[in-house]
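Chemist: Chain L is fixed; fit chain S onto it per the hints.
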Amino acid sequence: MSHILVANEVTKQFGSHTALKNVSLEIPKNSIYGLLGPNGAGKTTLIRIINQITFPDQGAVYFDGELLKSEHIAQIGYLPEERGLYKSMKVGEQALYLAQLKGLSKSEAKKRLKYWFERLEIGDWWNKKIQELSKGMAQKIQFVVTVLHEPKLLIFDEPFSGFDPINANIIKEQILSLKENGTSIIFSTHRMESVEELCEYIALIHKSEKILDGKLSDIKKAYKNNIFEIGLETRNQEALLLEMKDKFQILTQEYDSTENQLNLRVQLPSDQSGEILSFLGARANVNGFIETIPSANDIFIKTIKNKNIDHE
Amino acid sequence: MNKLPLIIKREYIAKVRNKSFVVMTFLSPILMVGMILLIAYLTQLNDTEKKVIGVLNESDYFANEFVTSEATSYINFQDITLAQAKDSTMNMGFYGLIYLPNEPNLERVAQRAFFYSKDAPSATVLDKLENSITGRLRQERLQELGLSPKEYAEMDRSYNINIETFDGLQNIKGINEIKAIIGGAFGYLIMMFIIIYGGFVMRSVIEEKTSRIIEVIISSVKPFHLMMGKIIGTSLAGITQFGIWIISGTILLFIGLAIFDIDPASLTNNDRMTSGMVSSANVDVDALTQNIQLYAQEIFDLPIFAMLFFFIVYFVLGYLIYSSIYAAIGAAVDNETDTQQFIFPVILPLMLAIYVGFFSVFSNPNGPIAVAFSLFPLTSPIVMLMRLPWGIGEGGVPVWQLITSIVILIATFIGIVWVAAKIYRVGILMYGKKPSYKELYKWLKYSS
Chain L
1 MSHILVANEV TKQFGSHTAL KNVSLEIPKN SIYGLLGPNG AGKTTLIRII NQITFPDQGA
61 VYFDGELLKS EHIAQIGYLP EERGLYKSMK VGEQALYLAQ LKGLSKSEAK KRLKYWFERL
121 EIGDWWNKKI QELSKGMAQK IQFVVTVLHE PKLLIFDEPF SGFDPINANI IKEQILSLKE
181 NGTSIIFSTH RMESVEELCE YIALIHKSEK ILDGKLSDIK KAYKNNIFEI GLETRNQEAL
241 LLEMKDKFQI LTQEYDSTEN QLNLRVQLPS DQSGEILSFL GARANVNGFI ETIPSANDIF
301 IKTIKNKNID HE
Chain S
313 MNKLPLIIKR EYIAKVRNKS FVVMTFLSPI LMVGMILLIA YLTQLNDTEK KVIGVLNESD
373 YFANEFVTSE ATSYINFQDI TLAQAKDSTM NMGFYGLIYL PNEPNLERVA QRAFFYSKDA
433 PSATVLDKLE NSITGRLRQE RLQELGLSPK EYAEMDRSYN INIETFDGLQ NIKGINEIKA
493 IIGGAFGYLI MMFIIIYGGF VMRSVIEEKT SRIIEVIISS VKPFHLMMGK IIGTSLAGIT
553 QFGIWIISGT ILLFIGLAIF DIDPASLTNN DRMTSGMVSS ANVDVDALTQ NIQLYAQEIF
613 DLPIFAMLFF FIVYFVLGYL IYSSIYAAIG AAVDNETDTQ QFIFPVILPL MLAIYVGFFS
673 VFSNPNGPIA VAFSLFPLTS PIVMLMRLPW GIGEGGVPVW QLITSIVILI ATFIGIVWVA
733 AKIYRVGILM YGKKPSYKEL YKWLKYSS
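These protein sequence lines map, in sequence, to chains L and S. Once you know that position 131 of the first sequence is 131 in the numbering used here, the rest is easy, because the numbers rise by one and skip nothing. So the numbering used here is basically just the index in the second sequence, starting at one, shifted up by 312.
These are computed hints drawn from the structure, not numbers from a lab. Hints should not be assumed to be uniformly reliable.
Short derived list, chain S residues pointing at chain L, Cβ under 7 angstroms [what the hints assert, rightly or not]: (1) K315; (2) L318; (3) R322; (4) L459; (5) S523; (6) R524; (7) I525; (8) E527; (9) V528; (10) I530; (11) S531; (12) S532; (13) K754; (14) Y758.
Result set (DSS-like, lysine-lysine): computed pairs, CA atoms no more than 27 angstroms apart in a straight line [said to hold, decoys possible]: (15) L:K90 / L:K69; (16) L:K152 / S:K534; (17) S:K315 / L:K87.
We put the CB at the ideal spot given by N, CA and C, even for glycine.
The shape of chain L in the complex, shown without the other chains (with noise of 0.2 angstroms):
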């Protein structure tokens, strides 16, 4: 089985209120899965499903290769985007108490914190209570109690906000590391920059339906429209350019007569670049030839635009 978690056809209402409409997804084993959509699209409910903190109304939802049982709790690690501690417990007791809770031993679980206390340099906090940290450290010690237990699968809703640059780059090589080690990672969020960094997959979820899913290299593909940004060193641009708007299609162009260089935007019909690439190398020097390749932030808004124009 390769797919850690597949959710087949998931339909949730909340009275008259359809939270999630027939969805479908197939998160794969030890990958990191960009779960994205604005707010308020389903996001949360489908996570809460998954969690089994709330159960679909129709559709099923399997955890590697088996029907979402309550014995998978203790295989699945969920950081929520309001999380919290109990602000008058200790943090050693409270982060022993969450992973028992988990299904861990005591024992075991007083070994894991150690180690992970020292990983993330958390050592002498064992005795302050969550009230005397700040928020930071909070985060800290939230993230340890998600991965304490070593799910098989580790859902994070939003898990950098709160953080400092610093830290939130902490966290994320930590979760990188936890990928490395073998771990599938659900990966919630509307900022799209880490989706970038992180995700392998993603799906869109809007408007309670999945609109747009797949492996992110893919969906960019898809996505591209054949323009190419071309640096090139000229002289005599004016000749270069009149030849060139008879057989490509130029959306801008800009010259810096001081430096000779001539910036080109230019929409090709297909991504087949060798004649352009040859044309161009006949007349001038190139000196920059990139295809423009759309962003996860660039799909995302264009796909919901598309979504809402279809709508209406």
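Modeler: This is chain S only, laid out in the frame that chain L set:
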């Protein structure tokens, strides 16, 4: 793996470690015992102050009436005028002066007798004096009717009517009050426990909501387990607190009594017989001890084990019903100030039960109101316990009522916990506006 014990343990430890809980636990008995000791000490102080009363007896009567007793000494003045007697009384700092003028008959002596004192005299002193004179007057009147003093002494005894139920059980006056106090104490205890610890459960739920740990926890355990763990853990903390109160209170009380040398009997406010008639006093004392034995007998005859058993049954069921309502309220709101509108309807039946108990059950333990409220599930834990001291079966609570009441209570318990768990489950993940009753009703229809 069952995680309920883990949750119970955490809730229990979190509660008993709480600073205000610790302070309450250890300060309350000290305050209570201190107050009891203070009252007892002051009462004793009041009692030990021996009053000296001067007697100026110019009449031919009252030679034996004013005898020095434990609380009062009488000093007889002789051959001085009233004015001189008043002066001496004042100068010597006596409490007062009783003046009995020289008149031809007792009737007139009594009419013209005066008591002089510096301030307004205390009611007990006046009572004593009046009782003495009344006794003497009655004796005189009966002698006129031809009764010898000896016969009079034999005649004067206090009387209590003998009470028996139809099936021949002997009964005594006042036992109903004692039963009422015992039943009331049980009922009151349940009400206090529900209000205090139900509130704790509610605040604990709100705390989990506001600290936002709730979603972390219910991704590991079922909300129902969390709710029940919370209710059970909190009630165990409550029982611990009550236990500490009872044990430390008792110890402190005895230590205090020993230190301050207070007679425990002075706490039990028993009016000593103050009859002037020495001969009849013996009879009274006998009657008193006999009565005490009867009361003791009656109290021992109370269905103690049945009462304790049903106390636990009603206590557990009642507490579970109410605290799950409290948990649901805590889940429905975001902060404590929003709880008011939901709390009032919860406290209402409790208050009603106590009032019905005190005003209806005690006067007529098997009357229709008492029966109705001891069957209605939200009041039965309190009202039924107030009825139980009158026994089970004949003469007391009919067995069918007891069974019906418990069955209704269990059914309600299941229903309420189910409803509360639903509201709890939806509520703990809802933030933002304060829900209305209509919205709570809508939550019930959400599938989990």
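Chemist: For each hint, tell me whether it holds in the structure or not.
Modeler: Each hint tested on the structure:
no. : hint            : verdict
1   : K315            : holds (6 angstroms)
2   : L318            : holds (6 angstroms)
3   : R322            : holds (5 angstroms)
4   : L459            : violated (81 angstroms)
5   : S523            : holds (4 angstroms)
6   : R524            : holds (3 angstroms)
7   : I525            : holds (5 angstroms)
8   : E527            : holds (4 angstroms)
9   : V528            : holds (6 angstroms)
10  : I530            : holds (5 angstroms)
11  : S531            : holds (4 angstroms)
12  : S532            : holds (4 angstroms)
13  : K754            : holds (6 angstroms)
14  : Y758            : holds (6 angstroms)
15  : L:K90 / L:K69   : violated (32 angstroms)
16  : L:K152 / S:K534 : holds (20 angstroms)
17  : S:K315 / L:K87  : holds (22 angstroms)
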